[in-house]
Amino acid sequence: MPAKINPHLCAQCKGARRLCGRAKCPIIERLAAQLGVTEKITGTQLFGASPPSVLVGEHGYPKVRLGPLVPPVEDKKLAAYYDNPEQWYGKSIEEIIKLRSSLVRANFTVGVKEARRASKLLERTQELALSSIPVDTEVHFAKPVKPRLLFDGVISPVGPSGVVKNLTVVENPVVPRRVDALVGDYDAPAVVAVRELYEAGVSQHYITRLLTMGLLGRKIDRRLVPTRWGITAVDSMIGDYFLEKVRDFPELGEILLYSNSYLDNHYHVLLLPGSYAFEMVEIWLPRSVWVKEGAKSYIVENFELYDGKWQRADVDGGYKAMRLVAIEFLHKIKRQAMVFAIREIGPRYYAPLGVWNVREGMRHAFEKEPTRFSSIEEAVAELARRIKTPFNQWWKHAYLPKMFKMQRRLVEFM
Amino acid sequence: MPEEFKIEVEVWSLFRAVFGDARLWRKIIDALSTLIDEANFVATSEGLRMRAMDPSRVAMVDFEMDRSAFNEYLCDQETMLGVNFDDFKKILKRATASDKLELEYSEEEKRLKVRFIGRTTRTFSIPLLEFGQEELATPRITFNASVKMLSESLKEAIKDAEVISDFVRFEANPEVFIIRASGDRGEVEVKIDMAGGGLLSIDVKEPSFAYYSLSYLGEMIKA
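Keeping their order, the protein sequence lines are chains Y and U.
Heads up: the first sequence begins at 1 in the working numbering, then just goes up one per residue.
Heads up: the second sequence begins at 1001 in the working numbering, then just goes up one per residue.
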């Protein structure tokens, strides 16, 4: 039995991979206990407008637990808000936990391949997931629901859960035409469907839901996708799509630094002239969610060059989310560049809220006025001032800024 | 010959080459495609050549294959064959052990035919890309040292360095060639000299060193 757990193991695992060998993550368990659910649901019946949202678990894959999330409200506008992270930016960590903790998860277990020949229960859930606006839903539980919270690095927190006995969608879901067409298209691979939907202006969050419910892709390939995998898959697919275009844009002509802070997550993005490359350095300060007091900051780093393939073995959802935002921005300004992005996480981010906060936090960095520099040295000096962790602790992990300084190009000799 | 049987012949430029081992070409294209997305092969009466830089213009590939390397070779006019390496690679992956490879281009069709000749004859036909006619100049770099060594020794040294760092330092001394890397994970030093047998020749005008990025070298040694 491992007597002592490597303090950095938790930052690597983020409660999802059970690297310590325990059945349940003690950090997640402690959080769930401390933050308990405020609204108690009694009885075995619930009626609410489900922000058409569904969570697919990953434990036990390919047999997964899945179920719609139902808020205890019937107001459509309010209900939609419960599950749309694209609208949460600016809310405090308490507000978000409170919001999410009131969502009840109505669970049942299915095999992922049943997406193609759904049972009644799954079919109704898919119907609900298809709708672009909340749908009145009635849920009967087998037993009263357990008041407990679920936290994860990628997924937003989710409230109490109970096993479903019966589920009724009381009204007709609203399905946009474009979505209906692609869900009915059994020949288009999922990656094509995702691109087309995104091009048509369908929100990323909605696309992810369709993908996780096994509603996109070639008929034979369709299956339920655990939500945490689906979120990252969509980040990755949309990122790849824009990257193809970004590669043809001219190189940025100046050195720019963007910063933003949200929920004690601090984002610093350095753009350097050059062909496309992306690097993420994630720094968990002591006393942030996964790192104990007194331990050193935990640093995760990964990068990709022009080919868009990450170089290190260890990636998680945060990397793909930051990469997407960076590529999206390059696409907007019609330039390619080397992007060096740092996310530093402080102790006031005491519960993981999901990867949306990374996406939104970094997006807002690009909305602010950048600082311009005439040399990489000045830019790095300013970056060092903005980052709380001592310079030599994070600099040794950095790759792209060093490469920018050191790497000469053949064109200089021609 | 009766008048009505006279055939009018239009002259199109033609390139056709047959190579004995299709799988060797597959390896070549595999290696080139680690650095290059698309490039022009230039077919001349002497043979086939290609020169291209990777998209970030850090590495250059210079490729030449003499006409004598082919079993059959025919080229009546200098021809540019602009190829997307990703597509080309996928096609060449289909080569089997005993296949011969035939490349054919006629100006008339504007397509490159890739034909595998074995138990069956399989012909792929791919559209060519049009780039500017301009060929890349040779970079003007003066070198202070020239080192010849077994490719296996270099490969192993690069792989050793990759364990430790993202960058590598090459040091050329009169007697010995040293490859070093250092980083958070420690240090590594690889000595390549005549006594060990890895070094074939070394010519050092003055002792020199330089740093290189392993993300490029790591790909290049696969070639």
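Calculated from the structure, these hints are not laboratory results.
Check before you lean on any hint, since a few could be wrong.
To be verified - For each label pair, taking beta carbons as the anchor points, the in silico distance ranges come out as:
no., chain 1, residue 1, chain 2, residue 2, range
1, U, D1203, Y, R408, 20 to 30 Å
2, Y, R247, U, K1110, 21 to 31 Å
3, Y, S261, U, E1064, 28 to 38 Å
4, Y, S375, U, D1076, 27 to 37 Å
5, Y, Q12, U, D1160, 45 to 55 Å
6, U, K1110, Y, R17, 28 to 38 Å
7, U, D1184, Y, K143, 30 to 40 Å
8, U, N1173, Y, K388, 20 to 30 Å
Stated by the list, open to error - Pairs of lysine to aspartate or glutamate residues, derived as DMTMM-like cross-links and limited to a Cα-Cα distance of at most 20 Å, are as follows:
no., chain 1, residue 1, chain 2, residue 2
9, U, K1027, U, E1219
10, Y, K309, U, E1187
11, Y, K402, U, D1087
12, Y, K396, U, D1184
13, Y, K402, U, D1037
14, U, K1222, U, E1187
15, U, K1027, U, E1109
16, Y, K245, U, E1038
17, Y, K332, Y, E251
18, Y, K402, U, E1162
19, Y, K396, U, D1087
20, Y, K309, U, E1162
21, Y, K309, U, E1135
22, U, K1148, U, E1171
23, Y, K77, Y, D136
24, Y, K245, U, D1037
25, Y, K396, U, E1187
26, Y, K405, U, E1135
27, U, K1222, Y, E244
28, Y, K309, U, E1134
29, Y, K388, Y, E378
30, U, K1113, U, E1171
31, Y, K332, Y, D264
32, Y, K91, Y, D314
33, Y, K309, Y, E328
34, Y, K245, U, D1087
35, Y, K402, U, D1166
36, Y, K309, U, D1184
37, Y, K309, U, E1072
38, Y, K245, U, D1166
39, Y, K332, Y, E378
40, U, K1089, Y, E74
All figures in this text were calculated on a predicted structure; none of them were measured in a lab.
Backbone N, C-alpha and C define an ideal beta-carbon position, used for all residues, glycine too.
Now for the hints, and whether the structure bears them out:
1. In this structure the hint that D1203/U and R408/Y lie 20 to 30 Å apart at CB holds, the actual value being about 23 Å.
2. For R247/Y and K1110/U, the hinted distance range of 21 to 31 Å is satisfied, since their beta carbons lie about 26 Å from each other.
3. Evaluation of the 28 to 38 Å hint for S261/Y and E1064/U yields a failure: the beta carbon distance comes to about 56 Å.
4. Take S375/Y and D1076/U: their Cβ atoms lie about 55 Å apart, and the range 27 to 37 Å is violated.
5. The hinted window of 45 to 55 Å between Q12/Y and D1160/U is violated, with their beta carbons roughly 26 Å apart.
6. Between K1110/U and R17/Y the beta carbon distance is about 53 Å. The supplied range of 28 to 38 Å is therefore violated.
7. Separated by about 52 Å at the C-beta atoms, D1184/U and K143/Y break the suggested range of 30 to 40 Å.
8. The hinted window of 20 to 30 Å between N1173/U and K388/Y is violated, with their beta carbons roughly 44 Å apart.
9. Taking the CA atoms of K1027/U and E1219/U, the gap is about 14 Å. The hint holds against a cut of 20 Å.
10. Simply put, K309/Y and E1187/U have alpha-carbon atoms about 26 Å apart, too far for the 20 Å limit, and the pair is violated.
11. For the proposed pair K402/Y and D1087/U, the alpha carbon gap of about 34 Å is over 20 Å, so the pair is violated.
12. Between K396/Y and D1184/U, the direct Cα distance comes to roughly 7 Å. Compliance with the 20 Å bound is thereby established for this hinted pair.
13. Restraint check for K402/Y and D1037/U: the C-alpha separation of about 25 Å exceeds 20 Å, so the hint is violated.
14. As the CA atoms of K1222/U and E1187/U are separated by approximately 23 Å, the hinted pair breaks the 20 Å bound.
15. For a cut-off of 20 Å, the pair hint linking K1027/U to E1109/U is broken: about 28 Å separates their Cα positions.
16. For the suggested pair K245/Y and E1038/U, the alpha carbons sit about 16 Å apart, so the restraint of at most 20 Å is met.
17. Between K332/Y and E251/Y the alpha-carbon distance is near 13 Å, which keeps this suggested pair within the 20 Å criterion.
18. For the proposed pair K402/Y and E1162/U, the alpha carbon gap of about 17 Å is at most 20 Å, so the pair holds.
19. At most 20 Å may separate the alpha-carbon atoms for a hinted pair to count; K396/Y and D1087/U exceed this at roughly 38 Å.
20. Simply put, K309/Y and E1162/U have alpha-carbon atoms about 17 Å apart, close enough for the 20 Å limit, and the pair holds.
21. With a C-alpha separation of about 29 Å, the suggested pair K309/Y and E1135/U falls outside the 20 Å cut-off, and the hint is violated.
22. Note on K1148/U and E1171/U: the hinted pairing holds, with a Cα-Cα distance of about 14 Å set against a maximum of 20 Å.
23. Between the alpha carbons of K77/Y and D136/Y the distance comes to roughly 12 Å, so the proposed pair stays at or under 20 Å and holds.
24. The suggested pairing of K245/Y with D1037/U holds, with an alpha-carbon distance near 14 Å, which does not exceed 20 Å.
25. Restraint check for K396/Y and E1187/U: the C-alpha separation of about 14 Å stays at or below 20 Å, so the hint holds.
26. For the given pair, K405/Y sits about 29 Å from E1135/U by alpha-carbon distance, which is inconsistent with the 20 Å threshold.
27. At roughly 25 Å between alpha-carbon atoms, K1222/U and E244/Y are farther apart than 20 Å, so this suggested pair is violated.
28. Of the supplied pair hints, the one linking K309/Y and E1134/U is violated, its CA atoms being roughly 30 Å apart against a limit of 20 Å.
29. About 17 Å separates the Cα atoms of K388/Y and E378/Y, which keeps this hinted pair within 20 Å; it holds.
30. A distance of roughly 46 Å separates the Cα atoms of K1113/U and E1171/U; the hinted pair therefore is violated under the 20 Å criterion.
31. Distance check on the hinted pair: K332/Y and D264/Y sit about 27 Å apart at the alpha-carbon level, beyond 20 Å; violated.
32. Taking the CA atoms of K91/Y and D314/Y, the gap is near 31 Å; set against the 20 Å cutoff, the hint is violated.
33. A hinted pair counts as satisfied when its Cα atoms are at most 20 Å apart, and K309/Y with E328/Y qualifies at roughly 17 Å.
34. For a cut-off of 20 Å, the pair hint linking K245/Y to D1087/U stands: about 18 Å separates their Cα positions.
35. Between K402/Y and D1166/U the CA atoms are separated by roughly 10 Å; this keeps the pair inside 20 Å, and the hint holds.
36. The straight-line distance between the Cα atoms of K309/Y and D1184/U is roughly 23 Å, outside the 20 Å bound, and the hint therefore fails.
37. A C-alpha spacing of about 39 Å is found between K309/Y and E1072/U, which places the hinted pair above 20 Å, so the restraint is violated.
38. Annotation: proposed proximity of K245/Y to D1166/U is violated, straight-line Cα distance about 28 Å (limit 20 Å).
39. Pair hint K332/Y plus E378/Y does not hold up; C-alpha atoms about 26 Å apart against a cutoff of 20 Å.
40. About 56 Å separates the Cα atoms of K1089/U and E74/Y, which puts this hinted pair outside 20 Å; it is violated.
Going down the numbered hints, you'll see the structure goes against 3, 4, 5, 6, 7, 8, 10, 11, 13, 14, 15, 19, 21, 26, 27, 28, 30, 31, 32, 36, 37, 38, 39, 40, while the others check out.
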